[in-house]
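Colleague: Sequence:
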Amino acid sequence: QGFLFDWKFMSVSAGAEDVAWYKKGAYNVQLGRYKNILKNVYGVKSIGMNRAIPIIMDIKRQNFKDKKSPLKITGIKIGSVNAQEIEDLTLVPVSEETEFTGEQKLDKLIKKLNDVLRQVGKQEVTTEEEKEFKSDRLNALQKAVRMLQSQSVINPLIEVIQDTRTEGTMIMDDYNQIYKGKDSKSSEFSKQQLSDFAEQMAEYLDAAEVFANITSYIEDLIFKPVMLEEAKTPEEVADAKARKKLLEDIRQEQAIIKSAQEEIQEIRGEFVDKFVGQRNNIIGLLLPEATVKWLTRTYSTASEIPLQSVKLLQKLVENAEGLASRTALKEINSIMELRKRLVEKGNVREQIKKIQQKNQDNKLVNKLIHKYSRDFYDQVEENAKEGNRDKKWLKDNIDVEEYKKEAFEIMNRKIEHLKRKYADNDELREKLILDEKKKWDIDRFDFNGWNNYVIKRHPLTKWYSEEYKEIMKDQDLLDLYNLITKINNRARDVGYIQNKVATTFLPFVRKSLAEQLSWSMDISAIKNWSNSLKIDASTVGQGKINELNQQLEYGLPKYFTYDFTRTEEGENDYSDVSEDLFKNLIMYTSHVEKYVYMSEIEGQIKAIKDVEKFKEHHLVSNRGGGIAFNEEGEPETEKGNEENARLYDEFMRGIFYEQKMPLTTDDMPISLGVMEYMKRAINKVAGHQVFTPKDKPSAISLVKAMDMANRAFSIKTLGFELPSGMVNAFGGIIQTLTQAGQYFKQGEFLANVGKLIKNEFINDDEREMFIQLIDNFMPLKEDPSYELMKKAGLSTLTRTNFSDLLMVFMRKPELHLEKSIFLTLLDNMMVENGKI
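Following the numbering used here, the numbering of the sequence shown begins with 1 at its first residue and continues without gaps.
Using C-beta positions, here's what the derived DEER-type ranges look like:
| no. | residue 1 | residue 2 | range |
| --- | --- | --- | --- |
| 1 | Thr74 | Asp239 | 38 to 44 Å |
| 2 | Asn630 | Glu262 | 28 to 34 Å |
| 3 | Tyr42 | Lys385 | 41 to 47 Å |
Pairs of lysine-lysine, BS3-like flavour, derived with a Cα cap of 27 Å:
| no. | residue 1 | residue 2 |
| --- | --- | --- |
| 4 | Lys615 | Lys185 |
| 5 | Lys431 | Lys421 |
| 6 | Lys315 | Lys615 |
Note that these hints are calculated values from the structure, not bench results. Cβ atoms here follow ideal geometry from the backbone N, Cα and C, with glycine treated the same way.
Work out the full structure, taking the sequences as your base and the hints as a guide.
Modeller: Listed below in structure tokens is the structure:
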């Protein structure tokens with residue numbers, strides 16, 4: 001039985017795309033089905049080689065100058081079952097991952113290399129440049145695996161080994177030249193730079209585990225002493241000697257990798273201790289610490305845990321959240337200013353519909369209109385086809401200067417990388433540098449980057465779409481469109497949204513009950529409430545398994561990016577998408593900025609975990625949780641640090657990755673029978689059929705249900721309860737007064753409590769200054785942007801938060817207390833340092 005499959009994604013020489021590694025998984029599943037057919041229907045007892053034979057067809061237009069000319073097959077190439085007969089790489093059979101070669105050691109190596117492939121394939125990249133580096137690495141690995149599995153050829157593997165050795169050398173050189181001996185708090189190092197270097201070391205150490213003992217898997221394939229003993233002809237002797245020399249060279253490469261692995265392991269500890277720990281005033285990160293007892297870890301917050309790594313984690317996260325809040329607030333103020341201008345013109349809801357796409361039925365689609373006509377991108381693709389290439393057309397239709405500015409920056413970075421990576425291979429280095437120049441330099445006679453992604457970013461203004469031209473007539477709408485585009489570009493650059501949707505993206509937010517009641521009197525929001533309880537890995541960052549070290553990896557959550565409008569029929573139903581654009585943008589902007597600043601420190605956060613995990617010893621704790629001492633009065637130590645490493649991981653998942661219940665990696669679904677009961681109950685309350693019998697119930701997350709139940713209980717017991725609020729206010733004031741003395745006096749604090757109640761500022765300038773200082777410096781329980789978000793609603797109902805109204809007697813005293821403390825500290829600082 002033979003079958004065809006999409007060869008494009010398998011072709012190493014053609015260049016694999018990221019999606020290839022997902023498609024390959026589907027291919028393996030399909031191949032498994034064919035194997036079952038062979039066994040169950042045709043009686044095949046066992047299957048040895050599980051391979052697909054490539055079939056490549058050359059297709060050209062009959063008249064290449066005529067774009068409408070019919071296609072014609074001009075040639076066909078077919079691979080062979082016998083891979084030894086094939087020289088063309090694209091025709092080498094593609095083996096299923098589970099195929100065995102018969103050589104036990106070689107099969108183990110292939111499995112390890114496939115693990116590396118999967119791990120590299122899962123690594124997230126944010127820029128097109130990073131995607132190309134990742135694609136090159138995937139192609140090299142895939143080629144090595146493919147040739148080993150099908151032909152037992154090791155030359156491609158040797159290239160991967162050499163690249164691994166080079167990468168280790170580059171890391172050590174970077175540390176010695178850039179970081180070693182430098183001040184830990186030097187401003188020349190950005191948070192992102194430090195995180196990138198930490199992740200680079202971690203990725204190398206994982207991959208080096210495979211290659212540091214590579215000869216134990218392949219030495220028998222390369223050379224055995226018996227080969228030289230049995231060689232009879234001069235050719236056989238020369239071949240045996242060449243094999244011996246090759247094995248010696250690989251052993252030398254292996255020794256360098258192993259040495260680099262050990263040195264980089266040590267470098268990583270020094271780097272994290274200095275440029276993450278000391279940089280943030282946390283010292284002793286590498287020293288052994290006492291194991292934290294269960295009572296302390298169960299009832300303590302991060303700030304109370306006696307572990308330097310956890311304190312550093314909290315400090316990094318708090319700083320990132322503060323920076324994100326202040327940055328987002330600037331954008332949010334711009335959003336509110338635009339809202340104000342549009343409100344003054346009347347009917348905002350109708351105005352903002354002009355910047356959104358519409359479908360064939362003239363209904364809103366949750367996408368921005370296209371800035372440029374689709375024809376431009378189609379013609380770029382057409383112009384890139386062989387026989388159609390016209391550089392004059394290209395230069396007449398793109399902003400050449402802007403293209404050169406971006407393209408040359410990318411080209412120069414890549415050339416510098418190639419110079420370092422292939423410093424000892426002049427021929428290959430010069431070839432790869434020339435390839436980069438051909439791809440990016442549009443003035444070269446041999447330019448071949450006809451449809452590179454930078455070209456598509458710089459069309460001339462003559463390609464503006466008709467919808468965009470219409471928006472340009474209204475400056476307020478144009479400013480709103482450009483502001484959303486600016487936010488999307490920032491989200492794209494950090495990987496919050498994909499590049500392909502960045503030009504048209506609008507956040508996916510479900511209509512609230514208030515919004516439905518406000519505009520359509522539709523209470524289907526009850527259904528949305530049930531949807532909010534469903535198990536959804538994308539909302540909690542459950543993470544994935546690292547294929548190399550088998551550790552669970554987590555991901556920063558990307559809120560409002562999941563397209564819930566896609567139906568089972570493949571169509572989009574936008575009826576549940578919120579139209580409260582300004583509120584949606586404020587929430588979206590806040591989360592994008594948080595993602596930006598959290599991404600900057602993610603590499604550092606993971607590196608701290610590795611340092612904690614690989615500590616050789618920990619201090620023994622006594623029953624009281626203190627350090628146990630031996631008879632000589634020295635602290636007792638034990639090997640390993642698993643308990644503290646696990647504790648750090650739990651806090652990392654809770655504080656950094658926002659998992660509600662980090663003590664468990666699994667969520668527990670409530671039974672579907674309960675869900676059916678709830679459907680009937682909801683229909684009864686609604687008075688009509690919100691859920692039909694055909695609606696398939698989805699398992700409900702126990703974690704989310706408990707979280708909602710906790711909120712409901714709090715509102716029920718404390719909501720709109722004046723006595724509870726008074727007790728809360730009184731307790732807060734008493735607690736603050738007990739802490740007076742070093743930084744402020746009791747009388748000063750009480751005076752400022754009264755000042756804020758009476759609003760007794762000297763003038764409006766003083767009041768405005770105080771408000772701006774709060775927005776920029778004060779870590780309130782609620783972000784200042786929260787109040788602006790509530791005001792951004794397009795109707796009275798959507799500007800009202802019913803939970804806030806019910807909890808007003810609890811919230812207001814707490815906020816007032818914090819502002820009073822801040823004002824008191826500010827007054828004392830002004831007295832001590834003079835007017836500021």
